[in-house]
Amino acid sequence: KRQESPAPLLLLLHGSYQSGRALLEYWTELAARERLLLVAPDSIDQVGWQIKHDGPEFIRAVIAQVADQQPVDPRRLYLFGLSGGAVYALTLSMLESDYYAATAIFAGAWREPSFFELLPHARRKIPVAMFVGTRDRFFPVQDVTSTARALEAAGHPVLLELLEGRGHAYAPVATEVNEQAWEFLRPVVVSDAAGAGP
Numbered sequence: 085k086r087q088e089s090p091a092p093l094l095l096l097l098h099g100s101y102q103s104g105r106a107l108l109e110y111w112t113e114l115a116a117r118e119r120l121l122l123v124a125p126d127s128i129d130q131v132g133w134q135i136k137h138d139g140p141e142f143i144r145a146v147i148a149q150v151a152d153q154q155p156v157d158p159r160r161l162y163l164f165g166l167s168g169g170a171v172y173a174l175t176l177s178m179l180e181s182d183y184y185a186a187t188a189i190f191a192g193a194w195r196e197p198s199f200f201e202l203l204p205h206a207r208r209k210i211p212v213a214m215f216v217g218t219r220d221r222f223f224p225v226q227d228v229t230s231t232a233r234a235l236e237a238a239g240h241p242v243l244l245e246l247l248e249g250r251g252h253a254y255a256p257v258a259t260e261v262n263e264q265a266w267e268f269l270r271p272v273v274v275s276d277a278a279g280a281g282p
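Just so we're aligned, residue 85 is where the sequence shown starts under the numbering used here, counting upward by one.
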């Protein structure tokens with residue numbers, strides 16, 4: 085059924101060796117309640133997201149395909165990434181800061197210096213919410229905090245939430261994280277989306 089008015093869209097980026105469908109199931113209830121369109125593509129290589137294969141053009145094409153079926157609000161395109169998908173969400177945020185309104189991630193951070201070199205490329209100060217368990221052995225709090233500080237130093241509004249005693253697993257905290265992530269994302273709108281929409 086085609087919606088009458090444009091709806092916000094959330095792009096879900098799965099973790100390495102996972103699928104978009106696996107991430108999608110944790111968002112369906114909230115999306116139905118909030119009239120939020122969900123898009124959960126699979127990375128071309130199951131190992132994870134790669135800028136060479138899954139670059140901004142690929143992601144835009146996926147969103148455009150959805151926009152052909154449902155009216156999408158181009159000022160309210162959001163990113164949510166998990167683990168490897170979180171790293172990629174941060175990367176897309178810098179490369180496409182005037183396309184996406186805001187970003188939220190769980191269990192992810194930049195660890196290699198080359199990622200931090202993306203910061204000057206952002207044309208807009210995109211808000212970013214970061215959630216991580218204090219016992220995450222793949223993305224330690226120190227790495228997440230360093231990424232948050234770098235984003236803040238570059239002028240991006242950052243919300244950092246440390247989940248006490250939690251690890252890398254998303255399922256046990258998905259409901260809590262998703263509610264907080266959407267609360268952060270929902271009010272943010274790209275003020276000038278002319279030419280940036282799907």
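The set of hints was computed from the structure by calculation and includes no laboratory data.
Don't take each hint at face value.
Calculated pairs, SDA-like style, for lysine to any residue (alpha carbon to alpha carbon, straight line, at most 20 Å) [unchecked claim]:
#: 1; residue 1: Lys136; residue 2: Ala124
#: 2; residue 1: Lys209; residue 2: His252
#: 3; residue 1: Lys136; residue 2: Phe199
#: 4; residue 1: Lys136; residue 2: Asp126
#: 5; residue 1: Lys136; residue 2: Leu203
#: 6; residue 1: Lys209; residue 2: Ser230
#: 7; residue 1: Lys136; residue 2: Ala234
#: 8; residue 1: Lys136; residue 2: Pro125
#: 9; residue 1: Lys136; residue 2: Asp152
#: 10; residue 1: Lys136; residue 2: Arg233
#: 11; residue 1: Lys209; residue 2: Val272
#: 12; residue 1: Lys136; residue 2: Glu201
#: 13; residue 1: Lys209; residue 2: Gly249
#: 14; residue 1: Lys136; residue 2: Phe200
#: 15; residue 1: Lys209; residue 2: Glu267
#: 16; residue 1: Lys209; residue 2: Ala145
#: 17; residue 1: Lys209; residue 2: Leu244
#: 18; residue 1: Lys209; residue 2: Thr229
#: 19; residue 1: Lys209; residue 2: Arg233
#: 20; residue 1: Lys209; residue 2: Glu248
#: 21; residue 1: Lys209; residue 2: Lys136
#: 22; residue 1: Lys209; residue 2: Val225
Verification of the hints:
1. Lys136 x Ala124: Holds, at about 19 Å.
2. Lys209 x His252: Roughly 28 Å between the alpha carbons, so the hint for Lys209 and His252 is violated.
3. Lys136 x Phe199: OK: Lys136 and Phe199 at ~15 Å, within 20 Å.
4. Lys136 x Asp126: holds, 15 Å
5. Lys136 x Leu203: holds, 19 Å
6. Lys209 x Ser230: Answer holds: Lys209 to Ser230 is near 18 Å, not above 20 Å.
7. Lys136 x Ala234: violated, 25 Å
8. Lys136 x Pro125: holds, 16 Å
9. Lys136 x Asp152: Distance ~25 Å between Lys136 and Asp152 Cα, so the pair is violated.
10. Lys136 x Arg233: violated, 27 Å
11. Lys209 x Val272: holds, 12 Å
12. Lys136 x Glu201: holds, 17 Å
13. Lys209 x Gly249: Given pair Lys209, Gly249 is violated - Cα atoms ~31 Å apart, limit 20 Å.
14. Lys136 x Phe200: With a Cα-Cα distance of about 18 Å, the restraint between Lys136 and Phe200 holds, given a limit of 20 Å.
15. Lys209 x Glu267: With Cα atoms ~19 Å apart, Lys209 and Glu267 stay inside 20 Å; holds.
16. Lys209 x Ala145: Not OK: Lys209 and Ala145 at ~24 Å, beyond 20 Å, violated.
17. Lys209 x Leu244: Cα-Cα ~16 Å, so holds.
18. Lys209 x Thr229: holds, 18 Å
19. Lys209 x Arg233: holds, 14 Å
20. Lys209 x Glu248: Violated - the C-alpha atoms of Glu248 and Lys209 are around 29 Å apart, more than 20 Å.
21. Lys209 x Lys136: violated, 25 Å
22. Lys209 x Val225: Since the Cα atoms of Lys209 and Val225 sit roughly 23 Å apart, the hinted pair is violated (cutoff 20 Å).
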